[in-house]
Every structure is written in structure tokens, then in C-alpha cells.
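Take a look at the letters that make up each chain.
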Amino acid sequence: MESFRFCFLMLTIAILASPALSDLVLSKVDRRIYLTSHIVRISSTVKVENAGPEKESLVLLAFPEQQAKNMAYLMATPHEGKGKVKNPVVALPVEAANPKDMPAALTFYSISLPMGLAEGDSFTFDVLAVFTHALRPIPEQITQADIQLVLYQDSAHYLSPYAVKVQSLSVKLPDSRIESYTKLENTKIHGSEIKYGPYENLPSFSYSPIAVHFESNLPFSVAQELVREIEISHWGNVQVTEHYKLIHGGAQSKGEFSRLDFLARPNVRGASAFRYLVANLPPRAHSVYYRDEIGNISTSHLRGDSKKTELLIEPRYPMFGGWRTAFTIGYGLPLQDFLYESDRKRFLNITFSSPMVELVIDALIVKVVLPEGSSDISVAAPFPVEQWQETKISHLDIDGRPVVVLKKTNVVPEHNQFFQVYYHFSQLSMLREPLMLISGFFFFFVACIVYMHADISISKSSASYLAKQQWEEVQAVIQQVQNIISRCLTTHDNLEASLRDLSRTGNIQACKAARKAADGLLKELSKELKPLLTFLQSSPSAAQVLPKVEELVAKERELQEKVMVKHATVVDGYEKKLGACDIENRVALQQQKLTALRQEVDDLLEFIDEI
Amino acid sequence: MAPPAKAITSPVPDAWYPTLAVLMLAIGLVLTASFFIYEATSSKRNRSLAKELTTGGVASVFLGFGSLFLLLSAGVYV
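Which chain is which? The protein sequence lines are A and B, in order.
Under the numbering used here, the first residue of the first sequence is numbered 8, with each subsequent residue one higher.
Under the numbering used here, the first residue of the second sequence is numbered 105, with each subsequent residue one higher.
Incorrect hints may have been included.
Distance condition first, Cα-Cα at most 20 Å in a straight line; then the derived DMTMM-like pairs of lysine to aspartate or glutamate [as the list claims (entries may be wrong)]:
hint : chain 1 : residue 1 : chain 2 : residue 2
1    : A       : Lys374    : A       : Glu249
2    : A       : Lys475    : B       : Glu143
3    : B       : Lys148    : A       : Asp299
4    : B       : Lys148    : A       : Glu617
5    : A       : Lys519    : A       : Asp500
6    : A       : Lys399    : A       : Asp610
7    : A       : Lys573    : A       : Glu607
8    : A       : Lys172    : A       : Asp37
9    : B       : Lys110    : A       : Asp182
10   : A       : Lys584    : A       : Asp508
11   : B       : Lys148    : A       : Asp616
12   : A       : Lys555    : A       : Glu503
13   : A       : Lys555    : A       : Asp508
14   : A       : Lys569    : A       : Glu617
15   : B       : Lys110    : A       : Glu607
16   : B       : Lys148    : A       : Asp350
17   : A       : Lys569    : A       : Glu591
18   : A       : Lys414    : A       : Glu393
19   : B       : Lys110    : A       : Asp350
20   : B       : Lys148    : A       : Asp383
21   : A       : Lys534    : A       : Asp508
22   : A       : Lys195    : A       : Asp182
What the simulated footprint calls covered on chain A by chain B, stretch by stretch (three residues with Cβ under 8 Å from a Cβ of chain B suffice, anywhere in the stretch; the number is not a length) [claimed, not checked]:
hint : region
23   : 233 to 247
24   : 348 to 355
25   : 431 to 441
26   : 479 to 488
27   : 539 to 551
FYI, nobody ran anything at the bench for these hints, they're computed from the structure.
For every residue, glycine included, the Cβ atom is placed at its ideal position computed from N, Cα and C.
Bound-form chain A, shown alone (with noise of 0.2 Å):
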């Protein structure tokens, strides 16, 4: 067996390694190994004692390479007792070591104290190391009625290339239904909480395989690939858009699959499967879907408070043991809770990872859009990732988005910390959209204006292009004439108002100039409409309309006269103090004139109007 192979390995490994790495020494380890969920969470508590006399600042990881190549994070912290107040606790710094006479099999990671210890010193500290794809389905394929087995292999003894005075390792499992284990001595069995140790004064690798095959029917939700694309519009959202390739990575489902059955008694037929998936997403999302390429799924349920928004979606089909499935939900996360500015950088605070909780991805990929017209683009990532910049055209754009590209293989929850993407970007670049919707509009009014304008017929010389020709002259004409008399017109009634100023006030003089003013003004209207008369005569094509211009003109001129008459005789009444009686009897008469045939020219210039 492979692991048995191993222990060799690591026996003759422990021999040949030379005994004294460096004076340390682990004084106390406590390990806790959770297998609760599909990710293995391994934390431990390290006691480390520096025994020799020279300073030391840097304690080794060890971890064999079958569980290297699976762990998905590491992570260091000073150990705070019980009880204290937990203080915002700063990682250790973690780093990938290579140290010499080691035996290749291990991999190594390095630890910097926060300050060096000297002799006789010891500083505690824990360690969380997650893994992912370390339980193994046995048997790897079950039917629907099976319940699903796996199985962790690790060692009972703290593989480290330091000597270990006490430790004791706990397994803890989601159920107490126990296939089998390794029993060593000092093993105890609590429920679901198997315990190993204490063993004391441990040689440096020491090495004792345990194998535990237990039931785990938790969700093995394994996400192959998953795009998360984050769009930033200044405009007052931050869009986010999940794409998810599924898979449920537990022991395989083999024979057939009933619907009856799961549907009758799904915790029995359609244990290993899971039917549900849940995301928390951050507060305050709005317009969130769930839906893949069909179209919309309507099994999702959300609720809200002012925390988070939780989001449960269940796929089309119960997920068995390497079933697939594809899927996207999107949601919007308002502006002010995730972009900041700084030193006149822009920069954008918001969580790395998926917000479903226990998921596995093996790729993701972070999109960052940002908008048009940034530059000097930087990001600050809390874990190194492989990094990139595409474009990307969307909605309104010229030259694309700038688009920050993050790959990370291998992330699990723990990775959901914040990261930042800082830019530089001008509040003008904002009105880019719209002076671009404002020149779509204004060009098509220019077009409508050039078409207008323009002269598009092909031959110039044919008679019914003259005609036209000169029939529009003629139009033209016309529509002065009428501008001019609707001025006129506009003068009597001023002049009327003034009469009516004279009747309240009685001021002849301000009546009077009122009185010149319009016999100047319409000397000139005059003039202008000689012209254009002699125009309209002149003119062939203006024959049908002439005799109406012409009456409406005479008839125009006719009822100036007369309101001249009436306002020479009102003002004169006023002169000699006439009463308002007699005045109004006197000019009765042409009042009924002047309505007649200021009636006449309104309907001409209708007439004319409609031509």
C-alpha cells in the first residue's frame, strides 16, 4: 500500500536526518484535525522553546508532499489563551522554505517570530492549514442508496523536524458512524471526536500512519471553474456576475438515478446528494438572478438584513457524485460600500472569492472591469496570484475597458479576504456616455436638417423642376407678405390698447406718441411689402393666389384707415373734454366696421395660410 510505502520512507528519512536542526524545540503541540465538512481543516497549537544558545527567529513547517500538494492555505497567528479579548490578531509571515539536508520528500514553510527567541525563551502560536481534495471516496463508486465513505490518512505523531516533548492530536467527524480507524496506543473514542496521544518526548520525524474511514454525506461542492466579473460603473454600482462550472466531488454515482425514490425519501435514497446551495452575499445586493443557459431558475429563495443578504439556490437536478452542472447568478452591490478614493487614487475594496459557503474552486478567475478612461491600475492582493489585463467592450464604449485579470488554482473560503485594485480615473471620463448618447441624437438631427436642405432631384433643367422652383419663390414670398400683415395687425391692436390707456388715464400725450410710433412702423411695413408685391405680380406661378394676396392687402390697408379715423376721433373727443357717453356713440359705428373687416382679413390670411 502507498501509505505504508511511505512510512518506510519517512522512517529511513528519520534516520538519516541529521538530529539537530537547530537548538529548538517543540514543547507542546496540540493538533485538531476537522474532517466536518469536505475541506480538512487541520489547527494547531505550537509551543516552540529555543533550548541552544544562539537566537533563533524562524520555525519550519513541515508537511509531506502528499498533503503539500493539496493544501490550499496556511496560516500562522500568536496564540492568544482563552478568555482574552480577541485584538485584531496579524498573521505571522509565512514562506515557502528550502532548507539544506532536508529530505525532498517534505515540503517546508517558514515562520518569522515576531521577535527572536532567545535561550530558555518559548512563544506559542497557531497554525491553520487547509486542505482540499484529501478525502478519498472508498468504495469510489455508490448507488443511490449508499451512503457515501471516505477516507484520511495522516500521521498521529507532528511530523517536524524539531523534537516534540507533548503533544496529542484530536480528529473531529461530522457523524459518529465509524467505518474503521487506526488504533494506537493511548487512543480514546468520544462520539464523533476520536483522540490519539498524548505521546511524549517524540524524536524530530517521527511518523505514525492513522487511516480513518468514516460516513460524510456534507455537500462536496467542487467549483472547476468559476469567472467572477466585477464591473464598476461610477454611475453608483458595482455589478457582480458568478459564472460556475459545478461538480460534486464525492464517490461517484453508478446505476440509475430514480426521482420517485429520491422524491419519496431523499435522506435515505439520495444521501450523498445535495440539493442546495447557499451564498452569502454582502448587504444592501440588489437585483440578484440565478440562471444558466436555458434561462432563468426559479429555485432560489432570498432573504436580507442589514448584515448580509443570504441567497439559497437549489440546481435544476439533486447533485449526485460527479454530476455537473453550469450556472450564473449576478447581483449589484451599491457604489459607496465598496469603492473608496485616497490620495486622489480610486480603489476598489471588495471580498476575492465566492460567496457560497464551503465550496472548493479549483480556478478562479477575478475580472475586474473598470471603466473607461482608467489608468495607472495597481492591485493589492492579501495572497500571491498570477495576474493580468485584457479589455473588454461593453455598454457605450470607444476604445473598451480596461480589465484586471486575477488567477488563483485552488481556493477555498479562507481566501475570502478583501483585495484592492487601485486606478486613477477623472470624474469628466464619467460624462464620456452620455456626450456620446448626445452626439448619436444631435448627428441625426443634422442628418434630418442636410435632407431638408439638400436638393435632390437629378434633372435641374425639367419644367417641373422650374415650376417647383418658383412655386417655393412664391411660397416664400407669400409667407413674408403674411408676417408683415400679422405685424400690422399687431400695431392696431396696440394702438387700441392705447385708446383704452386714454379712457383709465386719460393722458393724451402718451396716446399721441403711441399714435406715431405706429404711423412710422407701418410706413415702413409698407415699404417692405411693396417689393414683394411686385414680386408676386411678376411672377407666373403666383397667379391663382395674386387676387387673394391682393384683396387681403387692400382690405389691410382699409381697415388702417379706419382705425387711424377711429383714433383721430377718440383722442379729439378727449380734447375737448367730451363725455365718455358721447364718445362712444360716435364712434359705434366704425367700431362695427372695424370688427367687419378685421373679421374679412383674418379669414384671407386663413385662406392663404392653407394654400
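Knowing the structure of chain A, use the given hints to seat chain B on it.
Frame of chain A; chain B shown alone:
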């Protein structure tokens, strides 16, 4: 530490988008209508290019911003 970061908000509050869209599109369409009425009724020789251009220009400003706010209120964040 870096200076305190200031949250960035939209220049126009989101809640105004639908109102602004309706208002500006209404004004824009009225101006467009007056533009076309002028084009159709005035004779070729009496038409003033400046008046046409200003009516068209003002109408396109209103229509442009109106359609932008329409897009934004519909959820198409440009």
C-alpha cells in the same frame, strides 16, 4: 497608515434616475416635435439654419441625458 479613505458615490442619487429620465425625455421629445414641425411648415427659403441647429442641439442634450438616465434606472449601468 494611509489617509482615511473616502467613499465614492454617484454624482446623481440613484433614486432620482427614473424621475430624471421621464422629465428629460419629455422635454427632449417636445423639442424634437417642435423641430420637425418647424422643418415641415417653414418654406425652404425662409428656414433659418441657426434656429434649426439650436433646437436640434438642445433637444439632443435633453434626449441624451434622458436616455442615459433611462438606461441607468433600468439597471444597465453604463
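Here's how the hints hold up against the structure:
1. At most 20 Å may separate the alpha-carbon atoms for a hinted pair to count; Lys374/A and Glu249/A meet this at roughly 10 Å.
2. With a C-alpha separation of about 18 Å, the suggested pairing of Lys475/A with Glu143/B holds against the 20 Å cut-off.
3. Restraint check for Lys148/B and Asp299/A: the C-alpha separation of about 57 Å exceeds 20 Å, so the hint is violated.
4. Restraint check for Lys148/B and Glu617/A: the C-alpha separation of about 17 Å stays at or below 20 Å, so the hint holds.
5. The suggested pairing of Lys519/A with Asp500/A holds, with an alpha-carbon distance near 15 Å, which does not exceed 20 Å.
6. At most 20 Å may separate the alpha-carbon atoms for a hinted pair to count; Lys399/A and Asp610/A exceed this at roughly 65 Å.
7. Annotation: proposed proximity of Lys573/A to Glu607/A holds, straight-line Cα distance about 18 Å (limit 20 Å).
8. With a C-alpha separation of about 11 Å, the suggested pairing of Lys172/A with Asp37/A holds against the 20 Å cut-off.
9. At roughly 49 Å between alpha-carbon atoms, Lys110/B and Asp182/A are farther apart than 20 Å, so this suggested pair is violated.
10. For the given pair, Lys584/A sits about 16 Å from Asp508/A by alpha-carbon distance, which is consistent with the 20 Å threshold.
11. A distance of roughly 16 Å separates the Cα atoms of Lys148/B and Asp616/A; the hinted pair therefore holds under the 20 Å criterion.
12. Annotation: proposed proximity of Lys555/A to Glu503/A is violated, straight-line Cα distance about 27 Å (limit 20 Å).
13. Our distance criterion of 20 Å between C-alpha atoms is broken by Lys555/A and Asp508/A, whose separation comes to about 35 Å.
14. Taking the CA atoms of Lys569/A and Glu617/A, the gap is near 28 Å; set against the 20 Å cutoff, the hint is violated.
15. With a C-alpha separation of about 73 Å, the suggested pair Lys110/B and Glu607/A falls outside the 20 Å cut-off, and the hint is violated.
16. For a cut-off of 20 Å, the pair hint linking Lys148/B to Asp350/A is broken: about 58 Å separates their Cα positions.
17. Only pairs whose Cα atoms come within 20 Å are accepted, and Lys569/A paired with Glu591/A is accepted, the gap being roughly 15 Å.
18. At most 20 Å may separate the alpha-carbon atoms for a hinted pair to count; Lys414/A and Glu393/A meet this at roughly 5 Å.
19. For the proposed pair Lys110/B and Asp350/A, the alpha carbon gap of about 10 Å is at most 20 Å, so the pair holds.
20. For the proposed pair Lys148/B and Asp383/A, the alpha carbon gap of about 54 Å is over 20 Å, so the pair is violated.
21. Note on Lys534/A and Asp508/A: the hinted pairing is violated, with a Cα-Cα distance of about 29 Å set against a maximum of 20 Å.
22. Between Lys195/A and Asp182/A the alpha-carbon distance is near 16 Å, which keeps this suggested pair within the 20 Å criterion.
23. Check on the region 233 to 247 of chain A: 7 of its residues sit with their Cβ under 8 Å from a Cβ of chain B, so the three-residue criterion for coverage holds.
24. Counting residues of the region 348 to 355 of chain A whose CB lies closer than 8 Å to any CB of chain B gives 5, so the stated coverage by that chain holds, three being the minimum.
25. Under a criterion of three residues with beta carbons nearer than 8 Å to beta carbons of chain B, the stated coverage of the region 431 to 441 of chain A is upheld, 4 such residues being counted.
26. Given as covered by chain B, the region 479 to 488 of chain A passes the check, having 6 residues with a CB less than 8 Å from a CB of that chain where 3 are the minimum.
27. For a cut-off of 8 Å, the count of residues in the region 539 to 551 of chain A with a CB near a CB of chain B stands at 0, and the three-residue condition is violated.
The structure shown violates the earlier hints numbered 3, 6, 9, 12, 13, 14, 15, 16, 20, 21 and 27.
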